[in-house]
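*Asks:* Okay, here's what each chain looks like letter by letter:
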Amino acid sequence: MDFPEGLYYSKDHEWGKVEGNIVIVGITDYAQDALGDIVFLELPPVGTDVEANVPFGTIESVKSVSDVYSPVTGKITEVNDAVTDAPEIINQDPYGEGWMVKIEMNNPDEIKDLISTEEYQKSTEE
Amino acid sequence: MNDRLIFQIPYLEKGKQILPTVPNEISSIEINIPDNLKRKKAPELPQISEPQLIRHYNKLSKKNFGVDTGFYPLGSCTMKYNPKINEEISRLENFVNIHPYQDEEDIQGALQLMYELDVLLCEITGMDKFTLQPSAGAHGELTGLFIIDAYHREKGNKRKNIIIPDSAHGTNPASVTMAGYNAVAVDSDENGKVDLKKLNELLDKETAGLMLTNPNTLGFFDENILKISKMVHDVGGLVYYDGANLNAIMTISKPRDMGFDIVHLNLHKTFSTPHGGGGPGSGPIGVTKELSKFLLIPTVELNNKGRYYLNYDKKDSIGKVKAFYGNFNVLIKAYSYILSLGAKGLKRASQLAVLNANYLKKHLSKYYHIPYPEICMHEFVISAIWQKEKGIRALDIAKRLMDFGFHPPTIYFPLIINEAIMIEPTETENKETLDMFIKAMIQIAKESDKNPEILKSAPHKTQIKRLDEAKAARDLILKYEYK
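Protein chains in written order, with my numbering: chain A, 1 to 126; chain B, 1001 to 1483.
Don't read these hints as lab results, they were simulated from the structure. Warning: the hint list may mix true and false statements.
What the hints assert, rightly or not - Here are the simulated PhoX-like cross-link-like pairs (lysine-lysine), alpha carbons at most 25 Å apart as the crow flies:
# : chain 1 : residue 1 : chain 2 : residue 2
1 : A       : K11       : B       : K1198
2 : B       : K1320     : B       : K1289
3 : B       : K1016     : B       : K1040
4 : A       : K122      : B       : K1388
5 : B       : K1230     : B       : K1129
6 : B       : K1197     : A       : K11
7 : A       : K122      : B       : K1390
8 : A       : K11       : B       : K1388
Claimed, not checked - Beyond 12 Å from chain A on every Cβ pair, some chain B residues (computed):
#  : residue
9  : I1054
10 : D1103
11 : N1161
12 : G1319
13 : K1362
14 : P1371
What you are looking at is a predicted structure, and each value in this text was computed from that prediction instead of being measured. Where is the CB? At the ideal position from N, CA and C, for every residue including glycine.
So that you can see chain A by itself, here it is in the shape it has in the complex (with noise of 0.2 Å):
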């Protein structure tokens, strides 16, 4: 399992990666383990307001349907529409080409209430 250095996460398996006042969001390579194959992702379009800790897209395996949280309050600026079209992408590289969207934050302090890669790990073992 693959869990980069360099990154912000959330326990509800998203990853975020810090550009300026923008940040890049996916979900984690142990999320796409637990998912299995993707089947369906659907993403809001460029423009939309998001809010931390609210649901803005949905994720659907072969298992089950799920939400998918934005880790920060902000405006989505890009989709990644490369993983709606293709979203087995996300399952074969879920930190590169299978990002999601870009955020751009209202308050880039926001990111430091997300968790460090140490602590992400440790909480996928509990």
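We have chain A; now place chain B onto it with these hints.
*Replies:* Chain B only, in chain A's frame:
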């Protein structure tokens, strides 16, 4: 070998239509169909002979797997044997050849059956009145939620939230959303039951109600139910009973006595009518006297002259959810089942369902992790986490079970258990079948140590081997395209 679709069977005579063309006197009839909806060319119908047709469908029918073929321990679905006497009764010509538009006087027998089924279901659940109209469990849920909605609207505020345990059936939150409410999840405690402290935090003046399956999907009877229903009632909410698991408690305890205001039953689970491709369902809703004015129209009533009639005169009714009176033929089968078992027989069925589940649970506990090891009701959940350490998932175990001639149990549900395998044997299986299942599960546990490949590539003995489920879900092909 994959079978051909009927469309792929070559024409009886190459290139030649054997079906008659539409006669002139019919094709010349003018019907006002908009041009864009008109066919541009004749439909491509299979041009095959009657014996080809019969063989085609007969061959397919032999590939079916059902409770008449083998053990079907699909958790929470209560795949019990469907007694054939139910079929026989439901096919009596006086039932089959009546029409819902017939005069009430002509169909007194059918009305009597519905009336008496209502009374029987009231006796079993403790409720005051049923509607037999909803055509399945989730349809019943939606109807029940509309009644909750009507109840609160009458009091002046629809309210916003319906509380559902995190172990609930997926249909619960779906029905709640369909009915215009927010589904609010309440966590389960360490025993798999409703966490009372968390529930207390969620209850407020916006709580329209709580939906609960008791016993729950983990197979446990929530003995705090009286406290739970009181807590919900104290904030003015209603308590809804999802009857999916009634099979464990028939004539032993009544949902009404637990404080439930609305109950749905699955006649196609608990009362042995065929389901899962075998026939339509039926999801009657039972309510308390206070709520009965909201029930669907018509209700079946008995007048003081001993005649049965359909009562449409209910100004507070929420209306109709289905044409006519529901799946009448299914009602006949459930009625036949209840009367052929009687009160003692229903109780014995529930007791044996619980006994069979515990027998399996005990024997599997050495080989599989059982997250909640206490004595269970009619079903239980195992977690394949010991096998997962060796790279074997619940899915692999389920597929391998098919090689032993069993229908796989429910997997990956409830969601709160990792690698869940949910097993419900029902009361209609004997010890020999249960022992064969145990033997298969033990062999599979051993294979996960010694021969994991046989599990990962299972099933091996079925006509079609492991399917690519992800591809099937991603690239849906819903109709045949002629080449």
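*Asks:* All the hints need checking, so say for each whether the structure fits it.
*Replies:* How the hints compare with the structure:
no., hint, verdict
1, A:K11 to B:K1198, "holds, 19 Å"
2, B:K1320 to B:K1289, "holds, 19 Å"
3, B:K1016 to B:K1040, "holds, 20 Å"
4, A:K122 to B:K1388, "holds, 19 Å"
5, B:K1230 to B:K1129, "holds, 22 Å"
6, B:K1197 to A:K11, "holds, 22 Å"
7, A:K122 to B:K1390, "holds, 21 Å"
8, A:K11 to B:K1388, "holds, 23 Å"
9, I1054, "holds, 36 Å"
10, D1103, "holds, 48 Å"
11, N1161, "holds, 16 Å"
12, G1319, "holds, 30 Å"
13, K1362, "holds, 28 Å"
14, P1371, "holds, 14 Å"
Comparing the model with each earlier hint shows no violations; every hint is respected.
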